[in-house]
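Visitor: Kindly produce the complete structure, drawing on both the sequences and the hints.
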Amino acid sequence: MRLTRYFLPILKETPAEAAIASHRLMLRAGMIRQAASGIYSWLPLGFKVLKRLEQIVHEEQQRAGHIPLLMPTLQPADLWRESGRYDDYGQEMLRIRDRHDRDMLYGPTNEELITDIFRSSVRSYKDLPLTLYHIQWKFRDEVRPRFGVMRGREFYMKDGYNFDLTKEDALHAYNRHLVSYLRTYERMGIQAIPMRADSGPIGGEDTHEFLMLADTGESEVFYDSAVTELSFGDRMIDYDDVAQCQGILEEFTSRYARTDETHDAAEFAKVPAERQRQARGIEVGQIFYFGTKYSQAMNAVVNGPDGAPTPVHMGSHGIGVSRLVGALIEANHDDNGIIWPEGVAPFKVGLVNLKQGDSAADTACEGLYQGLAARGLDPLYDDREERAGAKFATMDLVGCPWRITVGPRGLAAGTVELTSRRTGESEELSPEAALARCAQIYAGV
RNA sequence: CGGGCUAUAGCGCAGUCUGGUAGCGCGUCCGUCUGGGGGACGGAAGGUCGUGAGUUCGAAUCUCGCUAGCCCGACCA
47 MRLTRYFLPI LKETPAEAAI ASHRLMLRAG MIRQAASGIY SWLPLGFKVL KRLEQIVHEE
107 QQRAGHIPLL MPTLQPADLW RESGRYDDYG QEMLRIRDRH DRDMLYGPTN EELITDIFRS
167 SVRSYKDLPL TLYHIQWKFR DEVRPRFGVM RGREFYMKDG YNFDLTKEDA LHAYNRHLVS
227 YLRTYERMGI QAIPMRADSG PIGGEDTHEF LMLADTGESE VFYDSAVTEL SFGDRMIDYD
287 DVAQCQGILE EFTSRYARTD ETHDAAEFAK VPAERQRQAR GIEVGQIFYF GTKYSQAMNA
347 VVNGPDGAPT PVHMGSHGIG VSRLVGALIE ANHDDNGIIW PEGVAPFKVG LVNLKQGDSA
407 ADTACEGLYQ GLAARGLDPL YDDREERAGA KFATMDLVGC PWRITVGPRG LAAGTVELTS
467 RRTGESEELS PEAALARCAQ IYAGV
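Using our numbering, you'd call the opening residue of the first sequence number 47 and step up by one each time.
Source of the hints: derived by calculation from the structure; they are not laboratory data. A hint or two may mislead.
Using 20 Å as the maximum straight-line C-alpha spacing, the simulated PhoX-like pairs for lysine-lysine come out as follows [claimed, not checked]:
no., residue 1, residue 2
1, K213, K172
2, K213, K339
3, K172, K97
Guide: Here it is in structure tokens:
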């Protein structure tokens, strides 16, 4: 993308309403614009990141064998009356009445709707196991939205639902989700620790929240520092392998790691003192196993092998995609702006022309721009008539992980400069070598 | 939902106490000089002062109502 043709309304000064770094930077980098309290428009740069995260979530869910579909944002109230949650959910649910005086609501989650879809189409245990998911906007009428997209009222979330014949099968689905989530977060370049949590209004017996450590997090967490040593790496996963998934769950959840809701001081005390950590975290996902709570309330049954109607065992699993954009920035920024991990960068390489209008610089930039694009390295070319400082500041703010700087001085020596946003380290390379180097950096991403 | 605060140009703010017809910085537009970390100089555009009523010869400024937004707390992906 050429910056002169893009829509990137960056701000030099910090808007007054932003209290934390991610909110501030999303506004300054022109990623979002507030429409109302807790409701945002996603401007091109923010939208690009959001879609990139969505894509990663899709890929990892489908790798785990989960099936995508799309449910609506507006739902009929009757389904929620059936589960009993129409009354339980309270003011957080946005209730709407249509022109025929029918009670509707803007979905805060989708257990009822998915259960309705399931029960109307699935009759036999032979159709199980089944996990359906979607990525859709949700609305929860928070009393006090804050921190930009981290606690919005409207937010984009992946929510998935598994249907299984037995509790054992459903627990495997639970484990499968835990594994797929670990992979998902790691691909995005963040560490999210599964912590034993409280089930809240979803209900259920087993649940883990995934917490990303950050000083500005809203949750207080207690953990054994050994959990931060764990890394998923590039191990091969067979998502149908019950023992393997169970093993990974145990590996990642056997150490003490809890939010303040489930914190147990006596248990925590058993962790060696030098490994006890108390910190803050951002919740970026949660998985639940809730048994037959919804299937019984809504009559979602299949005929079992013995012919008897059997309520299915279910669980639900969510990743806050729009929140992740903010969380990623919380974990990846400095005083100058955002530092995207390679896996989620909206533009992979920034291209800075230090002297727009200089024919050698223009020609070199044009060649690099085409070369980067041809290699799928989605470049952002700053071709504005701006001084060097302004271009550097813009690139730093929007957070391209790598920057190629092209100026008359270097070109005279046949080189351009490749700079890491994260370390600030530069190397002088020929334009061809710089292209090859960028391709190499992104080869595994 | 309790407590605190704010609303003046795209963004950040002053002006309000003491009423007299709106200003600064950044950004934007034009021009010149510049050219490796938000450069300099000259010129220009841009505001129903959140909104409704009231007081007054006159309201951004005083009074009352309303709305929106922010912060702290209790609640939540």
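Visitor: The structure should be examined with respect to each hint, and the outcome stated for every one.
Guide: These are the hints, each one checked on the structure:
1. Restraint check for K213 and K172: satisfied, since their Cα atoms lie roughly 16 Å apart, inside the 20 Å limit.
2. Among the hinted pairs, K213 with K339 is consistent with the structure: their alpha-carbon atoms are about 12 Å apart, no more than 20 Å.
3. At most 20 Å may separate the alpha-carbon atoms for a hinted pair to count; K172 and K97 exceed this at roughly 35 Å.
Consistency note: the structure conflicts with earlier hint 3 alone.
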